[in-house]
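S.K.: The primary structure of each chain is shown beneath.
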Amino acid sequence: MRAADLTPLARDVMKLPASVGLIFFSLVVAFLLSILPWSGTWLLARPDFVLLVLIFWAAHEPRSIGQGVAFALGLLMDVSDSMLLGQHSLAYVIAIFGAQVLRVRILSFGLAEQTLHVLVITLVMSSMMLLLNLLLGADFPGIAYFISPVATALLWGPVNWVLYMPAVRRRRGESGS
Amino acid sequence: MIVREPPAFFHRGPSPLARLTFFTIAAIALMIADHRFHALETVRLSLSVLAHPVQQVATLPGEAFGRAGEYFASQERLLRENQELKAKVLEQSAAAQEARLLKAEQAHLLGMTSGKSRYVENGVIAEVLYNARNPFMRKIVVDKGLTQSIAAGMPVIDGSGVVGQVTNVGTFSSEVTLVTEKDQSVPVMLVRNGLRAVAVGSGKDGSIDIPFMPVSADVQNGDMFVTSGIDGTYPPGLLVAEVTSVQKNAAYVFAKISAKPVAGVDNHRYVMVLPLPANAVSRPDTKVEEQPRKGARDRARGRRQ
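Top line first, the protein sequences correspond to chains G and Y.
So that you can map any letter, position 9 of the first sequence is 24 in the working numbering, and since no number is skipped, the others follow by simple counting.
So that you can map any letter, position 180 of the second sequence is 326 in the working numbering, and since no number is skipped, the others follow by simple counting.
If you are wondering where the hints come from, they were derived from the structure by calculation, not from laboratory data.
Ideal Cβ placement from N, Cα and C applies to all residues, glycine included.
Among the clues, some could well be false.
Stated by the list, open to error - Partial selection, computed: residues in chain G whose CB lies under 10 Å from chain Y:
1. S54
2. E76
3. S79
4. V94
5. M180
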């Protein structure tokens, strides 16, 4: 801990809200990445981009993105992944609830610790999906199924960088002028 | 964990926990409605229309990659392919001529007995868009839908055999459940001796089970199963599977027979969707609106009893 440093620990408190356009655009891009023609092993390892971006915005813009948006996007994912309607919705809503509860805690840590928090959320979400599908009579797709949540969590850093940059840049530009 | 709620200076709506409860109940209700009652086909259809443009954009990179690959394909490979195709055309034209003769003969005979043809006419060629992105299921999505009058239940074949069955129709695309999908069943017949059976997908890639065959059944490695056509969905005589292993153990009532699908279930680009036979009769023991894929399973169960 630096002595006599009056910089607030949570430096994000005073930042400007991200624009609705950016939020919408990032979610569309995430959805687009999810529905690329993944197949075989790649499909098992596919990071859940939509979930990741949802967690990011639920942590950084809790007033714009909440469980309602997660529910709607979950429905869209169910349709495009040809799954039972409501599976992704349920899993996303639970994940976003986790993000909302852990929000202050996540933001007060560095990137590595944040990634670990996100890993817990994605693992819970994936286990939820797995449990639902096993209940519905599917076979266990193998331990490779858990590559996806790990890959999702590992992408937290890059996604943070990409999505945080426009907001930060805009704030700097405005305070500089 | 202590969750510190901020003082209620501003109206913030229901608490996260209340929202979670609400959305969880909504999601579970949705799942039940979809799974038990198949009540949400309209919702699915409209959402898929909504997602269609984004889907189109998403398939672009893969398509462009494929096109570029085709463009740079070596001449040698193309020549070889061309030769193979020519040989295949020759081979099949003989069979086609024979088939025409047989068809005429059949029409003549049926005319005398006032029966109906079991053979379907031509189908619709569809391009495979992508494998369904779902690690729990074996499905492909093809680029023909309601606009080309595709209907759920239609059989789908490729150049060598049965690929699967249309199970979900969208406006511009439809989902085809592969024969290897768990519990996807096809009524089949052994070519060598006409033994009837049901081929059931095992849920693993490239493997089909033939359950409920008695230990004494005459099945050998390499035997071919074709559709028997008795379900009124698949036209008879389409190749389905080749037997890869037969385990007969006197301790069990049934032999354990595994087969592999004849069609290139995982690696085709174009498939053909066959129309449902016009004269399909509803069985007296089941309701008409029941899903077609359940039919074969029910029958298998019936035979076991």
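S.K.: With a cut-off of 10 Å, does the beta carbon of E76(G) approach a beta carbon of chain Y closely enough for the hint to hold?
M.R.: violated (14 Å)
S.K.: Does the closest beta carbon of chain Y sit nearer than 10 Å to the beta carbon of M180(G)?
M.R.: violated (24 Å)
S.K.: Per the CB criterion, is S79(G) less than 10 Å away from chain Y?
M.R.: violated (13 Å)
S.K.: Should the hint that S54(G) touches chain Y count as held when the rule is a Cβ pair under 10 Å?
M.R.: holds (4 Å)
S.K.: Please check whether V94(G) passes as an interface residue: C-beta within 10 Å of a C-beta belonging to chain Y.
M.R.: With a minimum Cβ separation of about 4 Å from chain Y (threshold 10 Å), the hint on V94(G) holds.
In summary, the structure is inconsistent with hints 2, 3 and 5 from the numbered list given earlier, while agreeing with the others.
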